[in-house]
Amino acid sequence: MSLWQKLVITILTMLVAGFVAGLIWGNIFDVTMPSYLAGMAGGLAAILIWELLKKVVIRESMLSKWSLSFMLITIIALYFIVGVQPDALADSGSIDPRINNLYEHLGQTKSIGIFTKLSIKNNTARLNKSFAAHHQGKRPPNIKELRERYDLMVQEMMILVQGKDPELAREIYEVRLLLWSYLSDPEKYKLI
Amino acid sequence: MKITVNKIIDIQQYVTLYLSVLMIVYSTAVFSQEEDNEVSIIDDIYTALTLQGIDCDGISEIEQNEDDSYDVVCESGGQFIISQTKNGILSVVDQITGVIRKGIEIFIDVIPMTDQLFQQSDEISEHDAEVARSLFSIIELSGNTCESITAVVSDIDGGHVVSCARNNNYRIFTGEDGLVEIEAIISE
Numbered sequence: 001m002s003l004w005q006k007l008v009i010t011i012l013t014m015l016v017a018g019f020v021a022g023l024i025w026g027n028i029f030d031v032t033m034p035s036y037l038a039g040m041a042g043g044l045a046a047i048l049i050w051e052l053l054k055k056v057v058i059r060e061s062m063l064s065k066w067s068l069s070f071m072l073i074t075i076i077a078l079y080f081i082v083g084v085q086p087d088a089l090a091d092s093g094s095i096d097p098r099i100n101n102l103y104e105h106l107g108q109t110k111s112i113g114i115f116t117k118l119s120i121k122n123n124t125a126r127l128n129k130s131f132a133a134h135h136q137g138k139r140p141p142n143i144k145e146l147r148e149r150y151d152l153m154v155q156e157m158m159i160l161v162q163g164k165d166p167e168l169a170r171e172i173y174e175v176r177l178l179l180w181s182y183l184s185d186p187e188k189y190k191l192i
Numbered sequence: 001m002k003i004t005v006n007k008i009i010d011i012q013q014y015v016t017l018y019l020s021v022l023m024i025v026y027s028t029a030v031f032s033q034e035e036d037n038e039v040s041i042i043d044d045i046y047t048a049l050t051l052q053g054i055d056c057d058g059i060s061e062i063e064q065n066e067d068d069s070y071d072v073v074c075e076s077g078g079q080f081i082i083s084q085t086k087n088g089i090l091s092v093v094d095q096i097t098g099v100i101r102k103g104i105e106i107f108i109d110v111i112p113m114t115d116q117l118f119q120q121s122d123e124i125s126e127h128d129a130e131v132a133r134s135l136f137s138i139i140e141l142s143g144n145t146c147e148s149i150t151a152v153v154s155d156i157d158g159g160h161v162v163s164c165a166r167n168n169n170y171r172i173f174t175g176e177d178g179l180v181e182i183e184a185i186i187s188e
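If you read the sequences in order, they're chains A and B. With the first letter of the first sequence counted as 1, position 113 gets the number 113 in my numbering; the numbers rise by one all the way through. With the first letter of the second sequence counted as 1, position 50 gets the number 50 in my numbering; the numbers rise by one all the way through.
Next comes chain A alone, as it looks inside the complex (with noise of 0.2 Å):
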């Protein structure tokens, strides 16, 4: 087997190696894989193959151009096929798939801590639980009082991380009035 071969080989089991490591520390973990311990996985992953590439007697023919080159598609494919199907999840369902994409993020973000975090679940969960008394026919509080809890919610949210994290800022302020629809919407409401 030439020198090619073995590198084209090599360099997509590696990709494999780390994505998939990487799904699985995701699935375990429910954080992204530190990109070393990625670049790890698909090391070790490389040492194993070259070797067995050097003991494995494999024809010319197996692994002609086309060959190689279909390998290679299949797993572009598989990448995207596996990437885009949150996505398409997300459509499937009947909110918009902004706002769950903006509690991704909230969640992923690094410019916030944990413990900041789970103060903001706190907030949120309470305001939620006024406008849920609010959609039951409970007053107070009106929707002029959840208006500017929301709002000011959404601007305790801005202020910790516009500036470090502007994408995200960007982000909640975008949609920021696409979910208030949803909040207070009493049908709408109940998709959250």
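Calculated from the structure, these hints are not laboratory results.
Here are the simulated DSS-like cross-link-like pairs (lysine-lysine), alpha carbons at most 30 Å apart as the crow flies:
| no. | chain 1 | residue 1 | chain 2 | residue 2 |
| --- | --- | --- | --- | --- |
| 1 | A | Lys190 | B | Lys86 |
| 2 | A | Lys121 | A | Lys188 |
| 3 | B | Lys102 | A | Lys121 |
Given the coordinates of chain A, assemble chain B onto it according to the supplied hints.
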């Protein structure tokens, strides 16, 4: 000149070398991350307490317990144990009063509002307490100070003018670019 790679370094040596380099890189990454965490956990806990309306004024002492909770001493004199419950809820124990606060209950008693604000109505409403908590958090987290809120006035454009004790007054509003701005109002 012909160089045979196998004679310079065999596969076992290569693997050992590779793993050694990997371990060094990994250790460096972990240690640098721990240092970062040490700095950021103080900021994280201070922010979490402020968001609950607790006037901490900065953290003077912090100690991690075996159960991953933290003993915190605030510059303002308050002492708290902050932790995450198994259900993923924030728990704050006031070590001076012994009050335990968990979950979504509002910490009305800790939100710094002077009697002046309380006197505006017989009983402080949940709405007023939440508005005061949010405004206090925004002011403190922007680097300004507000020992206690004495009055809140809403602007027509959705902004708020907040009067704090010691004549610190602020206008809080969202700018055209979407960013939150805090203007100190200088009283004459």
